[in-house]
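Novice: Input sequences plus hints: build the corresponding full structure.
Residue numbers (this note's numbering), protein chains in the order written: chain A, 4 to 349; chain B, 4 to 349.
One thing to keep in mind: the hints can contain errors.
Because identical chains share one entry, a pair is satisfied inside a single copy or across any pair of copies.
[Claimed, not checked] Below are the SDA-like pairs computed for lysine to any residue, each with C-alpha atoms no more than 20 angstroms apart in a straight line:
(1) Lys15 with Glu158
(2) Lys36 with Met208
(3) Lys259 with Glu333
(4) Lys36 with Phe154
(5) Lys259 with Arg340
Bear in mind the hints are in silico, worked out from the structure with no lab data behind them. Because the structure is a prediction, the values reported are computed rather than measured.
Protein chains: 2
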Amino acid sequence: MTNKTATEWYKKSGAEGDVVISTRIRLARNLKKYPFPCRLSMEQKKQVLLEVKSAIFDNPSALTERFRYVDMETLDDVASVSLVERHLVSPEFISNREGRGLLLLDDESVSIMVNEEDHIRMQVMGEGLQLEALYDTASRLDTLLDERLTFAFHEELGYLTQCPTNLGTGMRASVMLHLPALQESGSLPRIAGGLSKIGLTIRGMYGENSEPKGALYQLSNQVTLGLSEETALENLKGVAMQLVEQERNAREALLKNVQMEDSVWRSLGILKNARRLESGEFMTLVSRLRLGVSCGLIHDVSLDQLNRIMVEAQPATLMSLSDSKNGSEEREILRARRVRELLIDV
Amino acid sequence: MTNKTATEWYKKSGAEGDVVISTRIRLARNLKKYPFPCRLSMEQKKQVLLEVKSAIFDNPSALTERFRYVDMETLDDVASVSLVERHLVSPEFISNREGRGLLLLDDESVSIMVNEEDHIRMQVMGEGLQLEALYDTASRLDTLLDERLTFAFHEELGYLTQCPTNLGTGMRASVMLHLPALQESGSLPRIAGGLSKIGLTIRGMYGENSEPKGALYQLSNQVTLGLSEETALENLKGVAMQLVEQERNAREALLKNVQMEDSVWRSLGILKNARRLESGEFMTLVSRLRLGVSCGLIHDVSLDQLNRIMVEAQPATLMSLSDSKNGSEEREILRARRVRELLIDV
Numbered sequence: 004m005t006n007k008t009a010t011e012w013y014k015k016s017g018a019e020g021d022v023v024i025s026t027r028i029r030l031a032r033n034l035k036k037y038p039f040p041c042r043l044s045m046e047q048k049k050q051v052l053l054e055v056k057s058a059i060f061d062n063p064s065a066l067t068e069r070f071r072y073v074d075m076e077t078l079d080d081v082a083s084v085s086l087v088e089r090h091l092v093s094p095e096f097i098s099n100r101e102g103r104g105l106l107l108l109d110d111e112s113v114s115i116m117v118n119e120e121d122h123i124r125m126q127v128m129g130e131g132l133q134l135e136a137l138y139d140t141a142s143r144l145d146t147l148l149d150e151r152l153t154f155a156f157h158e159e160l161g162y163l164t165q166c167p168t169n170l171g172t173g174m175r176a177s178v179m180l181h182l183p184a185l186q187e188s189g190s191l192p193r194i195a196g197g198l199s200k201i202g203l204t205i206r207g208m209y210g211e212n213s214e215p216k217g218a219l220y221q222l223s224n225q226v227t228l229g230l231s232e233e234t235a236l237e238n239l240k241g242v243a244m245q246l247v248e249q250e251r252n253a254r255e256a257l258l259k260n261v262q263m264e265d266s267v268w269r270s271l272g273i274l275k276n277a278r279r280l281e282s283g284e285f286m287t288l289v290s291r292l293r294l295g296v297s298c299g300l301i302h303d304v305s306l307d308q309l310n311r312i313m314v315e316a317q318p319a320t321l322m323s324l325s326d327s328k329n330g331s332e333e334r335e336i337l338r339a340r341r342v343r344e345l346l347i348d349v
Numbered sequence: 004m005t006n007k008t009a010t011e012w013y014k015k016s017g018a019e020g021d022v023v024i025s026t027r028i029r030l031a032r033n034l035k036k037y038p039f040p041c042r043l044s045m046e047q048k049k050q051v052l053l054e055v056k057s058a059i060f061d062n063p064s065a066l067t068e069r070f071r072y073v074d075m076e077t078l079d080d081v082a083s084v085s086l087v088e089r090h091l092v093s094p095e096f097i098s099n100r101e102g103r104g105l106l107l108l109d110d111e112s113v114s115i116m117v118n119e120e121d122h123i124r125m126q127v128m129g130e131g132l133q134l135e136a137l138y139d140t141a142s143r144l145d146t147l148l149d150e151r152l153t154f155a156f157h158e159e160l161g162y163l164t165q166c167p168t169n170l171g172t173g174m175r176a177s178v179m180l181h182l183p184a185l186q187e188s189g190s191l192p193r194i195a196g197g198l199s200k201i202g203l204t205i206r207g208m209y210g211e212n213s214e215p216k217g218a219l220y221q222l223s224n225q226v227t228l229g230l231s232e233e234t235a236l237e238n239l240k241g242v243a244m245q246l247v248e249q250e251r252n253a254r255e256a257l258l259k260n261v262q263m264e265d266s267v268w269r270s271l272g273i274l275k276n277a278r279r280l281e282s283g284e285f286m287t288l289v290s291r292l293r294l295g296v297s298c299g300l301i302h303d304v305s306l307d308q309l310n311r312i313m314v315e316a317q318p319a320t321l322m323s324l325s326d327s328k329n330g331s332e333e334r335e336i337l338r339a340r341r342v343r344e345l346l347i348d349v
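Specialist: Below is the structure:
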């Protein structure tokens, strides 16, 4: 599944990279002449697929030439789950792969799911905080498709989508944040409560409980109606920057504590030496190490390395990088080996 | 307290060093013309001290010139506890230091406690398994003192001692064994049961429960009466060698387990990186690392290093090596620092 010429976007860290891991913008669009996917026959789904593919591949340009098509029907389970782990598709998208297809940019920063909840779900991802730049790319892609396809659009409501929560701009923008110090301080529930009033939401990336694995949180807009894309992105950016500042301050306080310093260094020691790593423990250790690296406590590991490790040590991605198809013990051994390799030779 | 010219014996590993950490021989002797220490006046204790000191220092020889005298009365608490941690004196010896003195060889391999339970307790220690060699040294020292002092000796009973369990040879020989695999296998209680029938005993070095800290055990003779020194040492050596073989076999089985391999490497990672190490955790980690090193799993750490670490990271020894006299948090930080130093620069 991995393209060998372009470097995948997730191997780099970006702006505000000490706290912001990545940014993602998703646009939902539907074709006017077809019912929503849930009401499409298999025949019609194939037609939608053909139309979207043709809009990309029959009009060669610098951008479209970098796309390749992934036939979801012929993709095996491990490769499918690996797409989810790399955030290229939704878990729902791979649960039933008939009549579905994926268009993927060479560096995996852009993906287009065809026949997920909507006919078209374009997604643009990048390292660090970069809402404007990613929105520019998404817009270009949107324009390109709009020139060749006719989208379902209502003058007052905006873009029509199967689920009314996406109606209007059809845009969901989100920022993945690493908030170990705010999580530790216990102030996140209060912060989350305030956000819903301004149309934003913050959720744990892994696990819906109060302390998500790896202290990874996703901040995103909830409102798509009666608000321009620009305003939604501005609000999101403002809050993201506030959280970045709060997290930085909380980290400073946290790292005066020898207990925390100890835990950061131990995490490095375990990750560099373990011969078996269970997924939950791995997330916790990487989270602590990331805290230490971003605070300048640890110098011989970079945020780039950690971003890559977080993706490549996910269960299915691990399996797809190796030849083995074995069970969880095998996977834990593979994870430990991959982590040691990635912590040493970059 | 540390002599700067001679290298302390405990910084080396010796014969059967993968399992046997050290050997110790202790001889109890009393002066004929005085009552046992528990019935001595302070005045008499000082006289005993003077007589023993003079027997060593007034007769210069290659051996006696390497001794120095440690006045227990003027020694502070930290330095006293450090003597116990280096196995140079008993805990009882430092509990009341009045009228007591210590004669110490430059490399700390020989110590003579004056006015402990008996007037004289000579002790000879060395790395690895070396009962004959150490007994030779103990005998030479015994002869040297015997020429200048008159020991309490009974033709039928042998050497007279305050406690009847030492009557006869007055000799206690012991071997410190690292038995992580036998401990793990649960077979030690059965082995221990068999030993008492042949006049030997095996006990946990740290903690009397079923799983002593660091998997360190002391095998020693219990019978001093009706059995020559040579026979007692032969029995002890035979059993020690059996335990060494059993431990080696158990290790081989244990290390086929990836769980154990993982735990060995993690221990190395934590010891090399931790910023705080609690004493019990430290013992467990060193025990696992020693298992890995002695099985050839880990090459960049030596048994010599581990032997030294085990002594120099004990609480009071740590304190005596540093200028600080602070509490347990300070000690845990010092321990972690010392362990990192010792694991890197040897």
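Novice: Next step is simple, just say for each hint if it's right about the structure.
Specialist: Status of each hint after checking the structure:
| no. | hint | in the structure |
| --- | --- | --- |
| 1 | Lys15 with Glu158 | neither (40 angstroms within a copy, 85 angstroms between copies) |
| 2 | Lys36 with Met208 | neither (36 angstroms within a copy, 82 angstroms between copies) |
| 3 | Lys259 with Glu333 | between (39 angstroms within a copy, 15 angstroms between copies) |
| 4 | Lys36 with Phe154 | within (8 angstroms within a copy, 113 angstroms between copies) |
| 5 | Lys259 with Arg340 | between (33 angstroms within a copy, 18 angstroms between copies) |
Checked against the numbered hints listed earlier, the structure breaks hints 1, 2; every other hint is satisfied.
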